Structure formats: C-alpha cells, structure tokens
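Novice: Listed below, chain by chain, are the residues.
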Amino acid sequence: MTRRVVVVGAGPAGLGAAAGALRAGAAVTLLDAAENPGGQYHRMLPGAFAAADPGRLHHGWRGFERLRDHVLGHARCDWWPESAVWAVERPDRGVPHVHVLRGEADGAGRARHVLVPDALVLAPGAHDRVLPFPGWELPGVHTAGAAQALVKGERLVIGDSVLIAGTGPFLLPVAASLLDAGAAVHGVLEANTASTVARGWGRRPWELPAESGKAGELAGYLGLLARRRVPYRTGRAVVEARGDGRVEEAVTARLRPDWSVVPGTERTIAVDALCVTHGFSPRLELPVAAGCALRDGAFTEVDADQRTSVPGVHAAGEITGIAGAQAARTEGLLAGWIAGGGAPDAPEAVRTRRSRDRARAFAARLAAAHPIGAAWPGWLRPETVVCRCEETTYGALLSAGGDPSRNSAHAVRLGTRAGLGPCQGRICGPTVAELLPDAGGNPHHRPVAQPIRLGELAQPPVENPIENTDRKESAR
Amino acid sequence: MRLVDDDPAGRRDVPLRITVDGEPVAGITGQTIAGVLLASGHRAWRTGPSGAPRGVFCGIGVCFDCLVTVNGVRDVRACARRAHEGDTVTTQSRAQGDLR
Ligand SMILES: Cc1cc2nc3c(=O)[nH]c(=O)nc-3n(C[C@H](O)[C@H](O)[C@H](O)COP(=O)(O)OP(=O)(O)OC[C@H]3O[C@@H](n4cnc5c(N)ncnc54)[C@H](O)[C@@H]3O)c2cc1C
Ligand code: FES
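As given, the protein sequences belong to chains A and B, one line each in that order. Going by the working numbering, the first residue of the first sequence is number 83, and it counts up by one from there. Going by the working numbering, the first residue of the second sequence is number 10, and it counts up by one from there.
Just the calculated beta-carbon pair ranges, DEER-fashion:
#, chain 1, residue 1, chain 2, residue 2, range
1, B, L108, A, R85, 48 to 54 Å
2, A, R324, B, E32, 26 to 32 Å
3, A, A493, B, G60, 25 to 31 Å
4, B, D30, A, A134, 32 to 38 Å
Derived by calculation from the structure, the hints in this document are not laboratory data. All of these numbers come straight from a predicted model, not from anything done at the bench. For each residue, glycine too, the CB sits at the ideal point set by N, CA and C.
Using the sequences and the hints, build the whole thing.
Specialist: Dropping the structure here:
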C-alpha cells in the first residue's frame, strides 16, 4: 500500500520534504497556512498582482519555480493552501494525528479536518527574535522580517527613512530589499564587534568554497551597501526608540563584545521606521505537542536522517537549527525521502546528507559570527516593556522572579501576566526564560498552535480526507 | 509607507475599497488588510492594555499586535488576511473601558 506522508509547511524545507517523499513513492499532503508555497525565503507575490517578473526580487527563483511546479503538479501530491495546523496529538502513541483548519486566515467557520498519516514531516520554520529595548513597542518599530515580508510579499516599503539593526546575516538582504524598493537606509548596525564577526568567518576557511553560493550572495549585499554609501557598522546597536505615538528617533550606542553599552557613545538619528532582528526563534509548538525531544531546549532534536525522537515524525528546516534556506531544503529532501520509505543508504540520500552537512557547517560559521551578547539586559530600564501583549515591565518581572513565593514559571506568569496575552509568549517567552533562568518551564509549550474559534471547535472534524490519487487523476 | 512605484517586478494594480471604522480606505487587490492600512498612512490601529498604540510588529502572524475586526469577526490578524472589496474593518482595543 502507498505510504501517506503529511508535510506541515511549504517553505524551502517543506517543499523539499514533499519532493523527497514523492521520489520515494509516497502519497503526500502538503499543508501551509499561507495561500502560496515558498515560505519566508521564497515568499510569492499575490496572484492578483499578476507580476511580470516576480523572480527579480529573489535568489534562486528558477530553481524554486521548478521544485514548486514539480511538487504541486505531481499526481501523488495534494496541496492544501490556507490550511493551518492548530494541533497535533497522539491518541494511540502512534504517528500523531494532524488537526487542520481550512479557510481564510482567522476566518469564522473554517472547515475542520483530521489527517491520520503513516509519517509526518514538520517544517513550520521560524520567526524573528527581537530583544526588548526601551520604546520597542512604538508603532514604526518592526521586526526585520516584517519589513522583508511586506516588501517581498506585497511591495510595501515600510518607511522612507529607515535604520536596520540587530545581529546576523539577515540584516543584509533586508537592507538590499529596502534599497531596491527606493527607501533611504541610514545604516545597518551589527551589534557584534568587528573582531567577533571576523573570528566567526575566519574559522575553518576550507569550508568556504563549498558554500560559495551563499557567501557570494552575502558579499553581493555588502557590495550593494558600499555602492549606495550605506554604512555597515559593527559593535553598534539601537538601545532605545523614542517618539510620540510612533517612532521618530532611534538612540544608538557602541557595544563591547559582551554587548554592554559603552557610556557616552549614544547618538540619536531621526527615522520613520526601525527594523530590528537578533536572530530567529524556531516555531516549536508543533514538535513539542507531538512529544518530540528538544536539543538544548531550543531546537527539535533530529538524528542524521532527520528523524525526531517520536517514531514516524521527521523534522526539517529552521525548527531543527537556524541554518538558512539551502540547508532547510536539503534537510527537507532527506526527511521526506526517509518519511516516504526511501532507503537511508540510497546514493541520493548519501549525496543529500553530504550537501546538508556542508550547508550546516556554513551556518555554524555564521552563528559563531553573530552570537547574542550576555550583557544585553544592561540597556533595559525598570519601566521597559518585556511582554508586549500584557505590557509587563522588566521591573515587574525582576521583582516577581526575586519573590520566593513565585519561584516557578507558572507563578511568575500568573503574577505578572507575562506570556499570557494573545501571542501566548511567542515573542517574550525566550526572553523571559533568559531573564529569569530559575523560574523553569518550557517556553514552547502551547497546546493550540494556531487560533481556533469556539464555533469551529464545536464542529465535528472531517476524518482523514487524504485524497486518493486516482480521484485526483480523474479530476484533471 | 508606500507601495514601490514603477515596480521592476511588473505589478498590475486592481483597485479595491474597504472601510476602516466607517471611513473609506483605498487599496489594491492582493494586499493584506495590514498592507492596505500601512500603504494608506495608518501606522497604528490597535491599542494595548495601557491604551498605547500598536500596528504591525512581526508581519507574519506571530505577535498578534495587528488584530482587527473584519466583517464583525474579532481578532483577525491583519498581516495574514487578504483584503476583499467592501470589507468592513473596525479597530480593536485592550484598554479598560474601551469597548472596541
Ligand atoms: C519574515 C521572515 C523573512 C525572511 N526572509 C529571508 C530572506 O529574505 N532571505 C533569507 O536568506 N532568509 C530569510 N528568512 C530566514 C528563513 O527563515 C529561512 O531562510 C528559510 O525560509 C527557512 O525555511 P523553512 O522551510 O525552515 O521555514 P519557512 O520558510 O519559514 O516556512 C515555514 C512554512 O510553514 C508554515 N507554517 C508554520 N506553522 C504552520 C502551521 N501551524 N500550520 C500550517 N502552516 C504553518 C508557514 O506559513 C511557512 O510558509 C526569513 C525569515 C523570516 C521569519
Ligand atoms: S504583525 Fe504580528 S501578527 Fe500581524
């Protein structure tokens, strides 16, 4: 009998996984909450824009189009757009059941489905991690990812006078997209010092040639900044945003290697938008709900073939480690191949493993060049908001953390409401865990992965409607 | 906040119209509700528990800062929902005593 594989997420990792599982001979159901495949890296323009040259905004667009058309057009693949996985559960300790809502984002009365696969590949990706700073809740302060998603996904330029700050290679493509879209970018501030960045890049130089594609992409961005006279400054960060009802100025300061602020180096700069990122947070609610073990409490643990600790559950892409789109795609190919019943020692699996390992080694180099400095809480003030939803301040958190009667994550949350607002701690969870290490608790535990309405919950779901291939063929 | 003009991606704009708290707002087909709001000069539309203004933060459906009511249905992420011709959008608030 044909194996049925469900793939959650159609970014580079999920599309790769679908291709791998199809190649192994499985029937695939590929789901994404978005209307289009591509994920964050290959975010597509809406069909209604009828863009003549969408590839102009992307790297590797031809390859993406080929992969997308191959997967979505395959007779054994069922593509479910606008399908949010809101829960996974293991009623019988076997492969988890996948609970899906189909329909417009946050609509009322979406159709409920439950899929019961032979194997599951999780590839939900990540979102920006932004460390709090005074004023970060002002309108006009955005994640760098928001700026990128809006310009790539709907050609909206987030501001005319923009500063991009934080840490990581991701600052560069965001700057490039905004420049290309005609924004004035005042600068790109990398919080790590030049020596930290250089040390990360200089490690194991023999790995560089193998990943010359990605290194070339990054070098191209630096060249663009130089041509447009946009300064790329290391060892400098935004430590405050100011404005009346919206951001009007950013305060920047020089940082030491541990990210402590060098006093007296503060400067203010007028902006109408500030784009910040300090790396990425993996979306761990689905793997955690499926019972998958985590590595260092931060990523989904996988073996050399992308299997998680739960039989039949595989993981790929940013939830297994932040390694970029190329690594995500190769992890997906391998995860899908194994999930679809492919042999681990098949020549193509061996090849895929090798290119995945090269991409991961390159990512490790980038991660070493862009760590988060331990002294960053130095720029917080007692009144600085840490939990955006509940407006819990740094001062309130510290006093709750120091109160022995509240010495558990649960008690701190109830006492301060940090992490209990609409985002369910997605944004502040890792930060609260870092500021109060003794409080414990799993910041990724979230029984509902995507919002579901009471009326929808009350509807009985449609069971296991994995399309049978013959039906799809005859419908064509 | 504006759309790329003379777009090298070769975009075709089909106008649409929604209302926001009763006021007509023009956009183009394919934009999200957040996109329509931002491109028409609205930087913030929701308020937090203290009454502080909020708009788009994460842009990808994770932070819930951008929630609006669409055609009577509350808590819709404006950055994740496409705008449709004639959508009635009302803004929301978490401030005490503000019933939006
Ligand atoms: C906003 C943003 C923009 C980025 N832009 C770039 C860029 O321009 N260049 C670059 O090099 N890197 C970029 N990155 C980094 C990017 O994460 C990786 O390069 C790459 O996209 C990771 O691939 P992935 O397949 O692991 O995850 P993603 O590409 O994030 O794909 C995950 C997919 O899963 C879907 N999903 C998640 N949860 C669910 C659920 N519960 N139900 C259904 N579907 C779900 C999402 O809708 C998404 O389409 C960006 C990251 C973010 C957050
Ligand atoms: S801006 Fe974060 S959910 Fe919409």
